[in-house]
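> Using the sequences and the hints, build the whole thing.
These protein sequence lines are chains P and L, in that order. Numbering-wise (the UniProt record's numbering), the first sequence opens with residue 1 and increments by one. Numbering-wise (the UniProt record's numbering), the second sequence opens with residue 1 and increments by one.
No wet-lab data here; the hints were simulated from the structure. A couple of the hints might just be wrong.
What the hints assert, rightly or not - Some chain L residues judged to face chain P by a derived CB distance under 7 Å, without partners named: (1) N58; (2) L60; (3) E62; (4) P63; (5) L73; (6) E359.
No residue lacks a Cβ here, since even glycine has one placed at the ideal position from N, Cα and C.
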Amino acid sequence: MQKRTHSENRTEDDLLLWTALRASDRNALGKLFDAYVRELLTYGYRISQDMALTKDAVQDVFVDLWAYRETLSPTVEVRFYLYSCLRRTLLKQLKDRRQLSTDWAESDMTRQAEPSAETRWVELETGDQQQARISNGLQTLSNREYEVVSLKYYTGLKIRQIASLLNLKEQTVANTLQNALLKLRKHLIHFLFLYLLF
Amino acid sequence: MSDYLTYTPEEFATDDYFIHWVLSTDLEAETFWQNWLDVYPFKRSDVETARQLVLTANQLPEPAVSETEIAALKQSVFDRIDANESPKTVVRTLFSRWYWAAAVLAGLVGLGGWYLVTQQRANKAEYAQLVKQATEKYDLVEVENQTKPTRLIVLPDGSSVLLKKGSKLSYPTYFSRSVREIYLSGEAFFEIAKDPNRPFFVFANEIVTKVLGTSFNVKAFPDDKRIQITVKTGKVSVYETKSPEAAQQAKNRRLEGLVLNPGQEVVFSKEADQMEANVVSHTVPMVSPKKSGTIQEMAFEYDETPVSEIFSQLEKTYTIRIDYDHALLGNCPVTASLTDEPLYEKLKLTCRAIRAQYEIVNGEVVVTGKGCN
Numbered sequence: 001m002q003k004r005t006h007s008e009n010r011t012e013d014d015l016l017l018w019t020a021l022r023a024s025d026r027n028a029l030g031k032l033f034d035a036y037v038r039e040l041l042t043y044g045y046r047i048s049q050d051m052a053l054t055k056d057a058v059q060d061v062f063v064d065l066w067a068y069r070e071t072l073s074p075t076v077e078v079r080f081y082l083y084s085c086l087r088r089t090l091l092k093q094l095k096d097r098r099q100l101s102t103d104w105a106e107s108d109m110t111r112q113a114e115p116s117a118e119t120r121w122v123e124l125e126t127g128d129q130q131q132a133r134i135s136n137g138l139q140t141l142s143n144r145e146y147e148v149v150s151l152k153y154y155t156g157l158k159i160r161q162i163a164s165l166l167n168l169k170e171q172t173v174a175n176t177l178q179n180a181l182l183k184l185r186k187h188l189i190h191f192l193f194l195y196l197l198f
Numbered sequence: 001m002s003d004y005l006t007y008t009p010e011e012f013a014t015d016d017y018f019i020h021w022v023l024s025t026d027l028e029a030e031t032f033w034q035n036w037l038d039v040y041p042f043k044r045s046d047v048e049t050a051r052q053l054v055l056t057a058n059q060l061p062e063p064a065v066s067e068t069e070i071a072a073l074k075q076s077v078f079d080r081i082d083a084n085e086s087p088k089t090v091v092r093t094l095f096s097r098w099y100w101a102a103a104v105l106a107g108l109v110g111l112g113g114w115y116l117v118t119q120q121r122a123n124k125a126e127y128a129q130l131v132k133q134a135t136e137k138y139d140l141v142e143v144e145n146q147t148k149p150t151r152l153i154v155l156p157d158g159s160s161v162l163l164k165k166g167s168k169l170s171y172p173t174y175f176s177r178s179v180r181e182i183y184l185s186g187e188a189f190f191e192i193a194k195d196p197n198r199p200f201f202v203f204a205n206e207i208v209t210k211v212l213g214t215s216f217n218v219k220a221f222p223d224d225k226r227i228q229i230t231v232k233t234g235k236v237s238v239y240e241t242k243s244p245e246a247a248q249q250a251k252n253r254r255l256e257g258l259v260l261n262p263g264q265e266v267v268f269s270k271e272a273d274q275m276e277a278n279v280v281s282h283t284v285p286m287v288s289p290k291k292s293g294t295i296q297e298m299a300f301e302y303d304e305t306p307v308s309e310i311f312s313q314l315e316k317t318y319t320i321r322i323d324y325d326h327a328l329l330g331n332c333p334v335t336a337s338l339t340d341e342p343l344y345e346k347l348k349l350t351c352r353a354i355r356a357q358y359e360i361v362n363g364e365v366v367v368t369g370k371g372c373n
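Laid out in structure tokens, this is it:
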């Protein structure tokens with residue numbers, strides 16, 4: 001399993017593929033898909049906690065990319081562009097679904113069992129500090145912190161791009177990151193001896 | 001870098017070079033940080049904490065997605081794209097200037113080679129038949145030019161086509177991995193993107209022309225029963241659509257059958273359903289360098305030429321508009337040999353020479369740069 005994409009420098013490849021995509025080269029779309037699908041799924045899953053939804057969203061992103069290829073800007077940071085498309089698409093789908101579930105919620109029993117993805121998302125968007133994470137030492141992070149950490153250490157996006165993606169100020173992102181790391185560090189102190197064993 | 005001395009573990013953990021060191025096996029980073037720790041050993045504990053932070057943060061859980069799931073996802077993406085793109089929609093899109101505006105910008109690297117295919121419309125049945133057959137293989141787009149002297153079309157591989165008045169061109173919405181095939185009725189001038197792995201075939205009624213990326217003219221006048229092909233640079237191979245070679249040619253990447261070299265010309269005579277070929281060698285190039293006339297007569301050779309002249313030639317040749325600051329850029333000198341380059345490459349190379357960029361805005365080429373002193 002790929003652990004990380006940060007050090008990969010795809011910029012040149014990406015721009016070539018992007019240019020080809022804009023010239024309606026289907027292979028280029030396929031290659032972009034191959035290059036990014038895993039990290040997009042990971043990111044989508046992390047913020048939505050819903051793999052089916054994430055897959056739908058990733059699919060939409062690439063279908064739209066093709067549908068609007070003629071109007072795409074010639075110079076973009078491809079990774080950043082894909083992440084923001086995915087985020088937007090997920091948000092929209094969650095809202096749509098929420099709409100649906102308020103209209104026809106009664107029939108949707110499965111979604112009542114646990115906090116739904118859309119609830120999580122909406123709370124995330126409204127800055128709610130719900131602690132929904134149950135993973136190694138990260139449960140203390142807020143949703144926002146979790147997403148920022150995820151973006152910073154998994155995607156290799158710059159703080160500037162993360163800020164733009166989340167529609168936050170750079171300073172806010174930097175602060176969020178620092179807070180998240182402080183929390184992680186406190187957690188680490190308890191478990192550092194475990195790391196030292198390896 | 002001395003800033004690092006004041007860093008907290010959190011600051012280390014958010015520093016890109018530090019992260020790079022922790023997560024990569026880059027020797028340079030390794031050397032830098034080990035040396036740094038040798039100089040400032042009292043920071044070792046902070047650095048170790050920071051390292052653990054980065055490792056932890058990088059170990060957020062990842063969903064398990066199998067290759068099969070990925071493949072299925074990819075398939076559904078392309079299925080949906082196919083479903084969205086009924087041929088009608090595509091044709092309508094192509095008729096808007098947006099299509100080529102977006103496509104022109106796609107400056108594919110390594111384009112080269114151009115040639116002309118001329119074919120009168122007399123043999124409609126043959127074209128229609130070829131297109132009908134091709135429809136079984138490809139999702140075809142047909143573009144027709146009824147009104148303009150020439151109409152610029154950009155093919156999926158980045159090749160550009162100037163379709164002459166009263167002509168039709170059919171091509172797949174995307175080319176297959178191994179071959180590029182297009183169908184012409186009438187007259188067109190082609191600039192083919194160089195791609196040795198995907199030979200390019202022009203089916204112009206009875207004659208197929210195969211090219212890997214080169215320059216040549218094809219003139220076909222069914223009325224006087226002659227089809228004439230003249231090679232400018234490189235090599236092409238030419239054969240009949242229905243010959244046994246046709247099937248064979250599609251499979252290999254070599255040029256076989258009737259191969260024409262630069263300066264050579266072949267004339268097919270259609271007599272009683274027999275194609276008779278006569279090869280003629282010319283000692284002088286068929287095309288003399290000119291800056292005007294039709295595109296196939298034209299040279300794009302520049303020696304300290306003001307860029308305004310080049311842009312003006314491109315504007316006329318391709319019937320495009322190029323916007324730029326005449327006062328700032330117009331006199332920038334360019335020395336370049338662009339004759340065999342497709343439109344994208346011409347624009348790209350010209351802009352590079354004057355340290356400018358181009359983009360397409362509302363169907364116009366917009367060139368921006370800081371000028372040259």
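> Hints first: check each against the structure and report whether it holds.
Each hint tested on the structure:
Interface restraint check for L:N58: the shortest CB-CB distance to chain P comes to about 5 Å, inside 7 Å, so the restraint holds. Because the closest C-beta pair between L:L60 and chain P is about 5 Å apart, less than 7 Å, the hint holds. Taken as an interface hint, L:E62 checks out: its beta carbon lies about 5 Å from the nearest beta carbon of chain P, inside 7 Å. A cut of 7 Å between beta carbons decides the hint on L:P63: the least distance to chain P is about 4 Å, and the hint holds.
Hint on L:L73 holds. Least Cβ distance to chain P is approximately 6 Å, under the 7 Å limit. Taking 7 Å as the C-beta cut-off, the interface hint given for L:E359 holds, the closest approach to chain P being about 5 Å.
Of the numbered hints given earlier, the model fails none.
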